[in-house]
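K.L.:
Taken in order, these protein sequences are the chains called L and C. With the numbering used here applied, the first sequence covers 1 to 411. With the numbering used here applied, the second sequence covers 1 to 106.
The set of hints was computed from the structure by calculation and includes no laboratory data. What you are looking at is a predicted structure, and each value in this text was computed from that prediction instead of being measured. Careful: at least some of the hints might be erroneous.
[Unchecked claim] If we take Cβ atoms under 8 Å as the criterion, some of the chain L residues that face chain C in the derived model are: (1) D66; (2) F355; (3) R364.
In this text, a Cβ means the ideal position worked out from N, Cα and C, and glycines have one as well.
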Amino acid sequence: MNAILPDPYTIPLEKLDPSSPNLFQNQEHWAYFERLRKEDPVHFVDSEDFGPYWSVTKFQDIMYVDSHHELFSSEPRIVLGHSNIDFDPPMFIAMDPPRHDEQRAAVTPAVAPKQLAELEPLIRGRVQAVLDGLPVGESFNWVDRVSIELTTQMLATLFDFPFEERHLLTHWSDVATENPELDVNGNGRTEEERRDILMECQQRFMEIWKERAGQAPKMDLISLLAHSPATAKMEPMELLGNMILLIVGGNDTTRNTMSASVYALNKFPEQYDKLRANPSHITSMISETIRWQTPLGHMRRIATEDTELGGKKIKKGDMVVMWYVSGNRDEDVIENANDYIIDRPRARHHVSFGFGIHRCMGNRLAEMQLRILWEEILQRFSKVEVLEEPKRVHSNFVMGYTDLQVKLHPL
Amino acid sequence: MPRITYIEFNGTEHTVDGDGGDSVMETAVKNEVPGIDADCGGGCACATCHIYVDEAWLTQVGERSPMEVSMLNLAEGVADNSRLSCQISLNESLDGLVVRMPESQH
Ligand code: HEM
Ligand code: FES
Numbered sequence: 001m002n003a004i005l006p007d008p009y010t011i012p013l014e015k016l017d018p019s020s021p022n023l024f025q026n027q028e029h030w031a032y033f034e035r036l037r038k039e040d041p042v043h044f045v046d047s048e049d050f051g052p053y054w055s056v057t058k059f060q061d062i063m064y065v066d067s068h069h070e071l072f073s074s075e076p077r078i079v080l081g082h083s084n085i086d087f088d089p090p091m092f093i094a095m096d097p098p099r100h101d102e103q104r105a106a107v108t109p110a111v112a113p114k115q116l117a118e119l120e121p122l123i124r125g126r127v128q129a130v131l132d133g134l135p136v137g138e139s140f141n142w143v144d145r146v147s148i149e150l151t152t153q154m155l156a157t158l159f160d161f162p163f164e165e166r167h168l169l170t171h172w173s174d175v176a177t178e179n180p181e182l183d184v185n186g187n188g189r190t191e192e193e194r195r196d197i198l199m200e201c202q203q204r205f206m207e208i209w210k211e212r213a214g215q216a217p218k219m220d221l222i223s224l225l226a227h228s229p230a231t232a233k234m235e236p237m238e239l240l241g242n243m244i245l246l247i248v249g250g251n252d253t254t255r256n257t258m259s260a261s262v263y264a265l266n267k268f269p270e271q272y273d274k275l276r277a278n279p280s281h282i283t284s285m286i287s288e289t290i291r292w293q294t295p296l297g298h299m300r301r302i303a304t305e306d307t308e309l310g311g312k313k314i315k316k317g318d319m320v321v322m323w324y325v326s327g328n329r330d331e332d333v334i335e336n337a338n339d340y341i342i343d344r345p346r347a348r349h350h351v352s353f354g355f356g357i358h359r360c361m362g363n364r365l366a367e368m369q370l371r372i373l374w375e376e377i378l379q380r381f382s383k384v385e386v387l388e389e390p391k392r393v394h395s396n397f398v399m400g401y402t403d404l405q406v407k408l409h410p411l
Numbered sequence: 001m002p003r004i005t006y007i008e009f010n011g012t013e014h015t016v017d018g019d020g021g022d023s024v025m026e027t028a029v030k031n032e033v034p035g036i037d038a039d040c041g042g043g044c045a046c047a048t049c050h051i052y053v054d055e056a057w058l059t060q061v062g063e064r065s066p067m068e069v070s071m072l073n074l075a076e077g078v079a080d081n082s083r084l085s086c087q088i089s090l091n092e093s094l095d096g097l098v099v100r101m102p103e104s105q106h
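In isolation and in its complexed conformation, chain C is listed as follows:
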């Protein structure tokens, strides 16, 4: 049960237990953590599940696929640690993962 902490733009923290195999996006939606819209439902096709990965976790979450890079072009305020949360799949090595939300999904 990897545990994830989501930090909203206003600083509110939500720590929830995720299921291995679910994505960071799905875990947020299942636990009603606000700040991720996920309009396409996890298809890497809308860019409304944009999050910032805490620097300490950047290597563990893996690399962006070329499609994810294309879709991140559509998001607002993209930084080096930006990811689409539907493209990060949970496993035990991500236990303790910390991600931050942008001001709004665009």
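Pulled out of the complex, with its shape left as it was, chain L reads as follows:
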């Protein structure tokens, strides 16, 4: 546990900085954002950790920034902070048009409705096997045994990556998202070690890439990239970037939604009852979980010209942070936003997937994975009981859990 940080209402407004990862780990960020939404929705602060930046905390302002890519650039990075050495492999999430559009178009068929329908039975089979292997009546960490395991298996399925080696995918994702500057309680890997691991990742993908390029096209992500004219001649670093984007995009986010669904249904037991009584709420429950959790806390942009937002003058070159985690609690758009309500009308009206040309490419895939998980849970267990408060990730980007102790009750 980190030291308790000061109550945000005792800090002078101009000094209020919601970006400290400790705030999120301790769940103290909510009060910071509540104050910012009320008193200074577009807020400038010179942050000790990250330098000067604007915090955008209301739903409509976030949507405005996200959907004006010509005013707010995604290059060169989309998270707070910067790396010490110039390694970041290029990824289309951190590119502006036209490069972004070409690369995204090349990868999109992998998550088209037809492809998802083909993946569904495969994913369901894997969910069933994982759930059937769980101990009933004793405590275990849901994050490791279910959320991480299933997400890893699903990634391996998506890439048609050798199944026995699937843990490499999660490992690479962890290394890629590691932020050495903020590695307070992490594993202390140096930037050079990180580079070496990602080079291994690149080599492995190049091998598979060459193999798939020489075969007839298949529907897995690597084959799609290797056969698409837009990406077939990708530079190795660009290839690495896109692979990492797809692993990272589908890893922490889905994993933490799986944990969040269990946690939220326990925190709001009447909602769990509602779900059990009427499993047709699964679809809206999943969207509500994605809103309530907000698996990615923010995205960052750089202003491309002098502009105005919420009455504030933003200068060309200024860093602008869209706090999705705050937008999803904006009472002007979402009624009783702090409550978890599984049958909310228009449950998909949230900012967790972002908006505009970078809007999450995997959103339907994520929803499908979660839907299958809950369809199978409800057929096996009367309750997944949370035994104690979870331990959380130390980050202002990944809103997640490291330990969620649960006990399963049979039907």
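Following the hints, position chain C with the ligands against chain L.
P.N.:
Then chain C with the ligands, alone, in the frame of chain L:
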């Protein structure tokens, strides 16, 4: 009161009276016509209000803005008569408009 007909992917027709100034998306949502998700609530920022405009009405509904073109890139099964329904505003000249829904919003 411009009248609009929405045709679901499975062929089911819904004919409703819209209000001038509302969009084709808003009119569907207000009348609980299924098949349009409109996740962003009309901001031209999500592409989940994708519809096909009946060929006879293509000129009356006007042109796509550059942002609408960018967002349509995110949708599935886009055709020449594809539009984002939140970007078509109703007026009397659209009385009788016919639009069709895609299989799913993506
Ligand atoms: C609940 C789960 C998920 C959440 C909350 C989530 C969230 C996000 C967010 C916030 C963005 C950036 C949006 C913006 O800048 O406007 C994004 C982009 C992206 N996501 Fe997801 N994501 C999830 C699952 C997935 C999955 C399963 C995949 C796997 C295919 C994926 C792949 C991507 C990609 C490729 C992008 C970049 C899109 C672009 O730049 O055009 N995501 N996601
Ligand atoms: S409602 Fe989102 S683009 Fe039309």
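K.L.:
Identify every previously stated hint that the structure contradicts and give their numbers, smallest first.
P.N.:
none
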